[in-house]
Each structure stands twice: as C-alpha cells, then as structure tokens.
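Residue numbers (our numbering), protein chains in the order written: chain G, 31 to 170; chain B, 36 to 340.
Think of the hints as simulated: they come from the structure by calculation, not from any bench. The structure displayed is predicted, hence computed values, not measured ones. Glycine is no exception: its CB is placed at the ideal position from the N, C-alpha and C atoms. Take these hints with a grain of salt, some might be off.
Calculated pairs, EDC-like style, for lysine to aspartate or glutamate (alpha carbon to alpha carbon, straight line, at most 16 Å) [what the hints assert, rightly or not]:
#  : chain 1 : residue 1 : chain 2 : residue 2
1  : G       : Lys79     : G       : Asp43
2  : B       : Lys235    : G       : Glu154
3  : G       : Lys84     : G       : Glu123
4  : G       : Lys153    : B       : Asp231
5  : B       : Lys285    : B       : Glu247
6  : G       : Lys124    : G       : Asp86
7  : G       : Lys109    : G       : Asp86
8  : B       : Lys235    : G       : Asp94
9  : B       : Lys213    : B       : Asp237
10 : B       : Lys276    : B       : Asp237
11 : G       : Lys166    : G       : Glu152
12 : G       : Lys166    : B       : Asp231
Across the chosen pairs, the derived CB separations fall in these ranges [stated by the list, open to error]:
#  : chain 1 : residue 1 : chain 2 : residue 2 : range
13 : B       : Ile280    : G       : Phe130    : 53 to 61 Å
14 : G       : Gly58     : B       : Asn184    : 39 to 47 Å
15 : B       : Arg86     : G       : Ile89     : 52 to 60 Å
16 : B       : Ala287    : G       : Asn127    : 55 to 63 Å
17 : B       : Asn268    : G       : Phe130    : 52 to 60 Å
18 : B       : Ser104    : G       : Glu143    : 24 to 32 Å
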Amino acid sequence: MNIDSIKNGIVIDHITAGKGMSIYNLLGLDKLDCSVAIIKNVNSRKLGKKDIIKVDSDIELNIDALGYIDPGVTVNVIKDGVLAEKRNISLPEKITNVIFCKNPRCITTTEQELPHIFRLTEKEGKVYRCIYCETKAETK
Amino acid sequence: MRSLIDIQELTTDEINELIAVACDIIDNGAKYSEACRGKKLATMFFEPSTRTRLSFEAAMYELGGNVISVSNAESSSAAKGESVADTAKTISCYADIIAMRHPKEGAPLVAAMNASVPVINAGDGGHNHPTQTLTDLLTIYREKGRLDNMTIGLCGDLKFGRTVHSLISAMSRYTGIKFILISPEELKVPSYVKRDILKKNDIPYVQTTDFESVIPELDILYMTRVQRERFFNEEDYLRLKDRYILTPDKLASAKPDLKILHPLPRVNEISVAIDSDPRACYFKQVYYGKIARMSLILKLLEVKI
Numbered sequence: 031m032n033i034d035s036i037k038n039g040i041v042i043d044h045i046t047a048g049k050g051m052s053i054y055n056l057l058g059l060d061k062l063d064c065s066v067a068i069i070k071n072v073n074s075r076k077l078g079k080k081d082i083i084k085v086d087s088d089i090e091l092n093i094d095a096l097g098y099i100d101p102g103v104t105v106n107v108i109k110d111g112v113l114a115e116k117r118n119i120s121l122p123e124k125i126t127n128v129i130f131c132k133n134p135r136c137i138t139t140t141e142q143e144l145p146h147i148f149r150l151t152e153k154e155g156k157v158y159r160c161i162y163c164e165t166k167a168e169t170k
Numbered sequence: 036m037r038s039l040i041d042i043q044e045l046t047t048d049e050i051n052e053l054i055a056v057a058c059d060i061i062d063n064g065a066k067y068s069e070a071c072r073g074k075k076l077a078t079m080f081f082e083p084s085t086r087t088r089l090s091f092e093a094a095m096y097e098l099g100g101n102v103i104s105v106s107n108a109e110s111s112s113a114a115k116g117e118s119v120a121d122t123a124k125t126i127s128c129y130a131d132i133i134a135m136r137h138p139k140e141g142a143p144l145v146a147a148m149n150a151s152v153p154v155i156n157a158g159d160g161g162h163n164h165p166t167q168t169l170t171d172l173l174t175i176y177r178e179k180g181r182l183d184n185m186t187i188g189l190c191g192d193l194k195f196g197r198t199v200h201s202l203i204s205a206m207s208r209y210t211g212i213k214f215i216l217i218s219p220e221e222l223k224v225p226s227y228v229k230r231d232i233l234k235k236n237d238i239p240y241v242q243t244t245d246f247e248s249v250i251p252e253l254d255i256l257y258m259t260r261v262q263r264e265r266f267f268n269e270e271d272y273l274r275l276k277d278r279y280i281l282t283p284d285k286l287a288s289a290k291p292d293l294k295i296l297h298p299l300p301r302v303n304e305i306s307v308a309i310d311s312d313p314r315a316c317y318f319k320q321v322y323y324g325k326i327a328r329m330s331l332i333l334k335l336l337e338v339k340i
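Next up, chain G with everything else stripped away, as it sits in the complex (with noise of 0.2 Å):
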C-alpha cells in the first residue's frame, strides 16, 4: 500500500494499534480540509502492530490529549520533506477539557464555563484526578 509521503505537515507514529481513530477523532481531524491518512495495522518491530496517521498541513496538534490517549505516541513534524522535529509523547502531567468530571457534586456540574483540568496524581497507574473535587478520573 502506498500513501504519498507529506511535505509540510505532521506524523504521528507509533500510535497502539487500534487506537488511531480515537486520537483521529480526539484531534478533531475530521475537520481539517487537507489530506489525512489513517494507516492501520502497520507491522512494526517495536511494537509489533501499530497506526500512524499523516497530516499533509502544519497544524497546532493538543499534545496533552495526545499523551493522555496514548503515551509513547511519536510526534515528527516534516518541513520542505524531511524530519524537522521528533518528539516522544509522554503522560501529561495536567490534561484540561480532554476529559469531564461525573461527579454531581463537583464544583465544575454548575459552573458551565470552568474548564475541566485533571492532574496526574499516580504515574504508574495513570490515575487523573479532577483539580477541584479530586475524583479518579474513568481510565479509558
């Protein structure tokens, strides 16, 4: 399968296999207007199956989400046709409006307009916890 190589835009490699229509969704690229290929399946000696999508444009990505999604993403950002810039996603340590909090009791349940922040209480279990009432956040 052949999927031209991009110009002036962005990679995100190393996406867990299964999972680049979430963070294709999460990103909002459905909305973009230039090319964006979704490659599913790709064999890969590192993780044995993975996605990579390929944005043709240079556009502002929400890296917080992106790490949250799937840490261990690759960020490269290609400029005239070669790699520019690799980055290494890791967890965020504080996700804003990427995830809402359920409690009913929480402060954010009748302030519409505050925004939803979540920190990174607990590394290795990838626990996020709401900022104003300190419930878990539901793991995807």
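With the hints as your guide, set chain B onto chain G.
Positioned in the frame of chain G, the structure of chain B alone reads:
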C-alpha cells in the same frame, strides 16, 4: 499570597509553626489583640454553618480586625447566578482575606484561583475542611503535649466523615502513631485512605466493630456523628446511628489521661454525662478552633508579631 484549600498544602514544619503561634496566642493573648487592625475578613457561607462561621468571625475580632459577611446563598449574588469566580474577584475588592464554605466540592479552589486575596476553605461539601484538622491537631497537642507516639481511636462514621480522613492524613506525618478504626461494616474507612495513607506510610492500624474491647488502649478517642444526610435510605441511618454511644460505664476501662474529641455537633453519640469527665475535650476543641483560625489568619495575612 497564599490560600489554604487542603491541609495537604501545608508542610509539617508549617503545621508545627501554626501550632506554636496558636500556643503563644493562648499564653499571651494581649500581644495579638491589635495584630489585624485595619484588616477585613469576608466570610462567605453558601451552606448553613454556625460554629465554623462564628469561629472565623470571633478569630478575626480577637485579632483586632473586622468582618464582612455573606451569610446565606439566598441573599447573595450567587442566587442571581453569579459565578464563584466573579464573586471571589468582587469580594477581593472589599476584604483582605476570605473564608468560604460552599456545598459544591472545589468551589473554594475556584475562589482562590480568582481572588486577589488569600482564601481559606471553610468546608466544601464532603470534601475538605482544613481548619477543622488544624483544630484537631491543636487540641491533641495542647491536651497531650505532643503529636507523636500515641494510639488514636476513631469511632463512628469513618466512611463519609471528611474530618476523619484529614485527621488520619495529618497525624500520619508524625512518628509512633497507631490508629484503631472503630465503625460498623457499612461505615468503614474507604480503601483508598488505607492504601494511599496508612499502608503507603507504614502506619499500624486495626479495624474493629468492637468499641469496648479497644477503649483501654486509646490515648485519643475521636468520636464522630453518623450523618443523616449521607444516607439514601432512612432505615439504614436509623439502624446505624445508635451503634456507638459513649457512656460513663464504657469509660471505666479507659486510660486516666485519655482525651475525647468530637468535631461537633453531637447528636447522641456521646452521653451528656461524659461532659463533666475531665477526659472530655470537645468543648475545649471549639475554643481551640478559634485559636487555630487566628493563627492561620495571621500566617496567610503575613502578619508578624
């Protein structure tokens, strides 16, 4: 500028410093009578409370300061739909420090993020109540002369009681502490408190439903009320509310220097006959609550005496 939303924000040194200042206030009160002259405390209570609000107000008056007050949600702009953030920004223009109680968890944090003056969390729903914990620590220190090397019995609602969880967390910082957790099966300490605080810090603890057998071991007995509002089912509440009632005959086997604490209000879990026992400290605890808040106000307003 510093606020206090959660007791965990204070280091052990800071807690010790707050207790030291509180002790100096008790011993040399006159020295502090003008400490906050010209300063105003705003008490914003969006949930009913008698003792906590009065305690904050009395604390500020005793420091020579003044108090302005939002006493209930219905009479405030919150009833008109104003956000906590806007209310905090507005009150910051009138007061030098804010004490806030709110039924929603995290509301005082939102206030602190938006206010330009220090905010003290005076209780946010069932979440945090740091000045109650400071009160408990000061009471234990004054009554026992130390915060380390003791066996602390916590009795009653250990599941929903926020004061219990904060006290376990705060006392776990000191050495030689052992907890005896006395509650019905349905109201046991949540597993995350055991895992994240007790087991993580290697703190010895025993869980039991048998109140009387453990009384002789205790240096501190912290009684709590089973709260009606925490139950969905009235039957469960009625079944559990009278499970542990401290009476003079139960105290017969207790140590002579046991100290009995209760965050109050009491319903019937401590017999009135205990009130005259020298081991009963819960009304002294109310007094210490005012002193602890005086000490905290001084710290957050950065007033040095």
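Taking the hints in turn, this is what the structure says about them:
1. This hinted pair checks out: Lys79 of chain G and Asp43 of chain G have alpha carbons roughly 11 Å apart, not beyond 16 Å.
2. As the CA atoms of Lys235 of chain B and Glu154 of chain G are separated by approximately 15 Å, the hinted pair is consistent with the 16 Å bound.
3. At roughly 26 Å between alpha-carbon atoms, Lys84 of chain G and Glu123 of chain G are farther apart than 16 Å, so this suggested pair is violated.
4. Taking the CA atoms of Lys153 of chain G and Asp231 of chain B, the gap is near 14 Å; set against the 16 Å cutoff, the hint holds.
5. Under the criterion of a C-alpha separation no larger than 16 Å, the hint pairing Lys285 of chain B with Glu247 of chain B is consistent with the structure, at around 6 Å.
6. Restraint check for Lys124 of chain G and Asp86 of chain G: the C-alpha separation of about 28 Å exceeds 16 Å, so the hint is violated.
7. Restraint check: the Cα-Cα separation between Lys109 of chain G and Asp86 of chain G comes to about 11 Å, which is no more than 16 Å; the hinted pair holds.
8. A hinted pair counts as satisfied when its Cα atoms are at most 16 Å apart, and Lys235 of chain B with Asp94 of chain G does not qualify at roughly 29 Å.
9. Distance hint between Lys213 of chain B and Asp237 of chain B is fulfilled; the C-alpha atoms sit about 10 Å from each other, no more than 16 Å.
10. Annotation: proposed proximity of Lys276 of chain B to Asp237 of chain B is violated, straight-line Cα distance about 32 Å (limit 16 Å).
11. Under the criterion of a C-alpha separation no larger than 16 Å, the hint pairing Lys166 of chain G with Glu152 of chain G is consistent with the structure, at around 10 Å.
12. Between the alpha carbons of Lys166 of chain G and Asp231 of chain B the distance comes to roughly 13 Å, so the proposed pair stays at or under 16 Å and holds.
13. Taking the beta carbon of each, Ile280 of chain B and Phe130 of chain G are about 43 Å apart, not inside 53 to 61 Å as hinted.
14. A hinted range of 39 to 47 Å for the beta carbons of Gly58 of chain G and Asn184 of chain B is inconsistent with their spacing of about 58 Å.
15. A hinted range of 52 to 60 Å holds for the C-beta pair Arg86 of chain B and Ile89 of chain G, which are about 56 Å apart.
16. In this structure the hint that Ala287 of chain B and Asn127 of chain G lie 55 to 63 Å apart at CB holds, the actual value being about 59 Å.
17. A hinted range of 52 to 60 Å is violated for the C-beta pair Asn268 of chain B and Phe130 of chain G, which are about 29 Å apart.
18. Under the hint 24 to 32 Å, the C-beta atoms of Ser104 of chain B and Glu143 of chain G, about 27 Å apart, fit the expected range.
The structure fails hints 3, 6, 8, 10, 13, 14 and 17 (numbered hints given earlier, in ascending order).
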